[in-house]
Amino acid sequence: MEDHDEIIISRRTRKRKLRIGRVIFTILTLLFILIGVYSIFQYNSGKSLSKGNSIDPGPFKGDSIHPNYSSTENYLLLGIDDDGSGKSRSDTMMVLSWNKSEGTMRIISLMRDIYAEIPGYQSYKLNTAYYLDGVQLTKDTITGMFGIPIHHYAIIDFDSFESIVDIAFPNGVEIDVKKEMSKEIGVTLKKGKKQLNGKELLGYARFRADSEGDFGRVARQQEVLSAVKNEAFTPSVIMNVPKTIGALSGYIHTDLTTKDEITRALSFALKGGADIETMTVPIEGSYWFNSYSHAGSVIELDLEKNKEEISRFLNMKLD
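Count along the sequence shown from 1, then add 137; that gives the number in my numbering.
It cannot be assumed that every hint is accurate.
Unchecked claim - Taking CB as the label site, the calculated pair distances span: (1) Ser-260 - Thr-371: 42 to 50 Å; (2) Gln-259 - Lys-316: 15 to 23 Å; (3) Lys-237 - Gly-281: 41 to 49 Å; (4) Gly-309 - Gln-259: 37 to 45 Å; (5) Ser-319 - Ser-448: 26 to 34 Å; (6) Gln-259 - Lys-327: 42 to 50 Å; (7) Ile-413 - Lys-198: 24 to 32 Å; (8) Glu-311 - Asn-205: 25 to 33 Å; (9) Lys-327 - Glu-421: 29 to 37 Å; (10) Ser-238 - Ser-373: 27 to 35 Å; (11) Lys-330 - Asp-397: 20 to 28 Å.
Claimed, not checked - With a straight-line cut-off of 25 Å between C-alpha atoms, the simulated SDA-like cross-links for lysine to any residue are: (12) Lys-454 - Phe-426; (13) Lys-444 - Glu-421; (14) Lys-336 - Phe-352; (15) Lys-315 - Gln-358; (16) Lys-327 - His-289; (17) Lys-330 - Arg-345; (18) Lys-336 - Val-324; (19) Lys-320 - His-289; (20) Lys-454 - Met-416; (21) Lys-237 - Lys-320; (22) Lys-316 - Gly-257; (23) Lys-198 - Glu-210; (24) Lys-198 - Lys-444; (25) Lys-198 - Lys-330; (26) Lys-224 - Gly-257; (27) Lys-331 - His-289; (28) Lys-320 - Arg-226; (29) Lys-224 - Glu-210; (30) Lys-237 - His-203; (31) Lys-330 - Glu-360; (32) Lys-316 - Thr-417; (33) Lys-198 - Asp-218.
Because the hints were derived from the structure by calculation, they are not lab data.
Since we're looking at a predicted model, the values are computed, not measured.
The C-beta atom is built at its ideal place from N, Cα and C for all residues, glycine as well.
Take these sequences, add in the hints, and give me the full structure.
Structural data, given as structure tokens:
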């Protein structure tokens with residue numbers, strides 16, 4: 138009789154566990170569906186915000202992945218500014234090198250006033266290459282001078298940068314402003330730690346009306362990248378990830394497909410905890426200032442010294 142009772146109790150226990158299991162499974166399924174619907178809605182919402190944004194960088198052909206560096210992809214990152222004529226110069230130029238096997242990211246900032254040999258044109262400031270013939274000429278100029286292979290590109294204009302910051306970081310991005318800044322940036326920034334919105338953050342990154350000039354501006358651009366990375370995993374930012382990716386797919390022009398963009402954006406996000414190493418070209422002690430009637434004030438550099446340092450920084454033999 139006791140055995141019979143135990144069997145009945147055992148069956149009831151199993152049924153209860155099965156019911157609990159089904160409830161948990163149902164709740165998890167509904168949760169995943171809700172997350173999916175929320176993500177799609179947010180993605181489409183972000184993408185709709187970027188309608189009407191138009192950047193025409195021209196055709197692009199990237200370098201092939203070198204078999205000796207098969208896990209490394211280099212991205213040419215350009216921030217462009219329309220001078221009012223309908224044509225743009227690349228005000229910000231960076232190469233992001235992503236080693237996927239090591240999980241490391243390295244960023245090279247290139248000064249816009251570098252006196253560059255532009256293929257098919259007279260030597261001019263580096264940022265003029267984009268003005269002359271878009272992203273391909275910019276890529277060919279940088280690769281030709283420094284030997285850096287470039288596989289993909291991403292371009293954003295400054296109005297779009299402001300919008301993306303406001304979408305991705307609704308509470309702003311914390312920056313320790315070292316001095317009051319206002320000249321030629323469209324905003325006034327006071328000294329001290331501030332939560333900067335998109336317009337203010339762009340102004341901070343573009344300010345150069347001091348003794349540091351472009352060198353100080355490049356340092357602030359790198360500081361902005363670091364600050365954005367530090368803010369990336371706050372709750373308000375995480376909730377906005379689908380919307381941000383949607384906005385990025387519309388605001389940023391790239392040679393990647395939408396599927397590739399989303400995959401890489403998520404991969405970059407997951408690597409957010411990793412340190413980003415930075416360097417500036419030209420390196421210290423390798424440049425001098427000059428002036429030409431056709432180009433104005435420029436930065437001339439010791440090309441070999443800079444190539445050697447870039448090769449060491451990227452851990453890559455350059456052509």
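Going through the hints against the structure:
{"no.": "1", "hint": "Ser-260 - Thr-371: 42 to 50 Å", "result": "46 Å, holds"}
{"no.": "2", "hint": "Gln-259 - Lys-316: 15 to 23 Å", "result": "38 Å, violated"}
{"no.": "3", "hint": "Lys-237 - Gly-281: 41 to 49 Å", "result": "26 Å, violated"}
{"no.": "4", "hint": "Gly-309 - Gln-259: 37 to 45 Å", "result": "43 Å, holds"}
{"no.": "5", "hint": "Ser-319 - Ser-448: 26 to 34 Å", "result": "40 Å, violated"}
{"no.": "6", "hint": "Gln-259 - Lys-327: 42 to 50 Å", "result": "43 Å, holds"}
{"no.": "7", "hint": "Ile-413 - Lys-198: 24 to 32 Å", "result": "27 Å, holds"}
{"no.": "8", "hint": "Glu-311 - Asn-205: 25 to 33 Å", "result": "40 Å, violated"}
{"no.": "9", "hint": "Lys-327 - Glu-421: 29 to 37 Å", "result": "31 Å, holds"}
{"no.": "10", "hint": "Ser-238 - Ser-373: 27 to 35 Å", "result": "32 Å, holds"}
{"no.": "11", "hint": "Lys-330 - Asp-397: 20 to 28 Å", "result": "37 Å, violated"}
{"no.": "12", "hint": "Lys-454 - Phe-426", "result": "29 Å, violated"}
{"no.": "13", "hint": "Lys-444 - Glu-421", "result": "13 Å, holds"}
{"no.": "14", "hint": "Lys-336 - Phe-352", "result": "21 Å, holds"}
{"no.": "15", "hint": "Lys-315 - Gln-358", "result": "14 Å, holds"}
{"no.": "16", "hint": "Lys-327 - His-289", "result": "38 Å, violated"}
{"no.": "17", "hint": "Lys-330 - Arg-345", "result": "19 Å, holds"}
{"no.": "18", "hint": "Lys-336 - Val-324", "result": "8 Å, holds"}
{"no.": "19", "hint": "Lys-320 - His-289", "result": "34 Å, violated"}
{"no.": "20", "hint": "Lys-454 - Met-416", "result": "17 Å, holds"}
{"no.": "21", "hint": "Lys-237 - Lys-320", "result": "41 Å, violated"}
{"no.": "22", "hint": "Lys-316 - Gly-257", "result": "42 Å, violated"}
{"no.": "23", "hint": "Lys-198 - Glu-210", "result": "14 Å, holds"}
{"no.": "24", "hint": "Lys-198 - Lys-444", "result": "23 Å, holds"}
{"no.": "25", "hint": "Lys-198 - Lys-330", "result": "42 Å, violated"}
{"no.": "26", "hint": "Lys-224 - Gly-257", "result": "19 Å, holds"}
{"no.": "27", "hint": "Lys-331 - His-289", "result": "34 Å, violated"}
{"no.": "28", "hint": "Lys-320 - Arg-226", "result": "20 Å, holds"}
{"no.": "29", "hint": "Lys-224 - Glu-210", "result": "29 Å, violated"}
{"no.": "30", "hint": "Lys-237 - His-203", "result": "14 Å, holds"}
{"no.": "31", "hint": "Lys-330 - Glu-360", "result": "13 Å, holds"}
{"no.": "32", "hint": "Lys-316 - Thr-417", "result": "22 Å, holds"}
{"no.": "33", "hint": "Lys-198 - Asp-218", "result": "23 Å, holds"}
In this structure, the hints that do not hold are numbers 2, 3, 5, 8, 11, 12, 16, 19, 21, 22, 25, 27 and 29, in rising order.
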